[in-house]
Amino acid sequence: MNVATTDLTRRFGRNVAVAGVTLDAGPGVFGLLGPNGAGKTSLLRMLATVIPPSSGRIRLLGRDPGVYGQRRQIRRRLGYVPQNLGFYPGFTVVEFVEYFALLKELPAAEVHRAVAVAVERVGLGDKATAKLRTLSGGMLRRVGIAQAIVNEPELLLLDEPTAGLDPAQRVAFRALLRDLGQQATVIVSTHLVEDVGAACTQVALMDQGKIVFHGTPDELVARGAGTTAAGDAPLERGYSAVLAEAGS
Amino acid sequence: MTVVAAGKPPAGSARGGLRLLRLHLSSRRVPAALAAIAACAVVLRIALLWQWDAYGALQLPLILETGCAVAIAVTTASPFGEPERATGRWLPLLRLGTALTLTAAAVGALAVAGIGAHLAGGGLDVLRNLAGLTGIGLLCAAFLGGALAWAAPTAYLVIAIYALYTQWHGPALTTPWIWPARPPHDLGAAVCAGLVFITGLAAIALRGARDAANK
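Line by line, the protein sequences give chains Z and R.
Letter by letter, the first sequence follows residues 1 to 248 of the numbering used here.
Letter by letter, the second sequence follows residues 249 to 463 of the numbering used here.
Warning: the hint list may mix true and false statements.
[Stated by the list, open to error] Taking beta-carbon pairs under 8 angstroms as the criterion, some of the chain R residues facing chain Z (in silico):
#1 263
#2 267
#3 268
#4 293
#5 301
#6 305
#7 307
#8 327
#9 335
#10 338
#11 455
The set of hints was computed from the structure by calculation and includes no laboratory data.
A virtual CB, placed ideally from N, CA and C, is assigned to each residue, including glycine.
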């Protein structure tokens, strides 16, 4: 398993953001659904090694992120796009992606090719030398994804990656996700259940810091079948039904 | 234009390291910080052409040293947030190198500005005050964020100016923790300023400036 967490908990003061999550994920695209404040972002931040858990155990790519040397090895093979990615507006697209490639310790001889591939994969080849200040929100989102995939990560963590993308870009992005999921473990936190249906092989639903459902998208659809749960699509009805059960 | 045509590949790891350094310095707006430091040095040089009383002669360099310290401390702000922190081993070294280099540049610039003029306290005073003030700025950046890194050095400046004032209008504040109010060769003041500088450097190298995403 590329991701294995056991009884993972994260507190911020008195607030328990993640409450005893046990989760295993291998290669494939793993969707993380849940309402606002469910704990998805906190869980992703722990998996990205940027915050430590308050308690519980994490193994990422077979290593312990609590140990400096192993954390460094994990980070070299990790890609992470947070909800709000910052940019230096004076960088070009290539400079931005190159900076992250170098920070992730890609061999210098491979950096140029890796940057070119990453930028082309997110469809920004024709904007390679454009300054970030000139790009639209959707393009900036794709630049953020390019920096995350530049090292061909074995573990890719994406927090609301389709926010700000137009429908055509979202369709292209889902195809990219499926492609990345062939080799890597891709964990996607999203509000958009249609992204999960189109791209994910596994899905977990979080509510109040806990995993309240873990299965395939088809299994989530089945949970909503024959119920009066709210939703315009089968996945939405499954999502609503599971949340209603968890809340009752 | 395709990406492949957009730039030349780096030749080796040394060139990759230099490229990383250049990109890091650009993202931290180090050229702007160097310009601010140079401007402080020019202002000091021009100001030293005038005659100052003892109080003013001590205050003036301190104000410009604070300006340099603020310019250094605000470069710790990262525009990238958490994805940058979730990378390899280079980031702490880049942060450390940037802060050290800028501090050396600021000390050098202010000391050069004082050559041939009556700079109160001399180069030693500049070194001690600037190192301590920079340490305060770096600590402020580590705990409050790069955007607020100016706050603590500015507050300290007010305290230090008051401490200088008390030398003429007692009771005098003489603690070595207010090092600008002590003579340049005072060992206790130098140790305090040095400790603050080293602590600030360590904090900023190891954890970086706090940013919105870290909260």
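Against the structure, the hints come out as follows:
Here the hint on residue 263(R) is kept, as its CB sits about 6 angstroms from the closest CB of chain Z, short of 8 angstroms. Interface restraint check for residue 267(R): the shortest CB-CB distance to chain Z comes to about 6 angstroms, inside 8 angstroms, so the restraint holds. Annotation: residue 268(R) was flagged as interfacial toward chain Z, and the flag holds, the nearest CB pair being 4 angstroms apart, inside 8 angstroms. At a threshold of 8 angstroms, the smallest CB-CB gap from residue 293(R) to chain Z is about 30 angstroms, leaving the interface hint violated.
For residue 301(R), the interface hint is violated, since its Cβ never comes within 8 angstroms of a Cβ in chain Z; the closest pair sits about 44 angstroms apart. A least Cβ separation of about 40 angstroms between residue 305(R) and chain Z goes past the 8 angstroms threshold, and the interface hint is therefore violated. Evaluation of the residue 307(R) hint against chain Z yields a violated restraint, the C-beta minimum of about 36 angstroms exceeding 8 angstroms. A least Cβ separation of about 4 angstroms between residue 327(R) and chain Z falls short of the 8 angstroms threshold, and the interface hint therefore holds.
For residue 335(R), the shortest C-beta to C-beta distance to chain Z is roughly 4 angstroms, which falls under 8 angstroms, so the interface hint holds. Hint on residue 338(R) holds. Least Cβ distance to chain Z is approximately 6 angstroms, under the 8 angstroms limit. The interface hint given for residue 455(R) is violated, since its Cβ lies 11 angstroms from the closest Cβ of chain Z, which is over the 8 angstroms cut-off.
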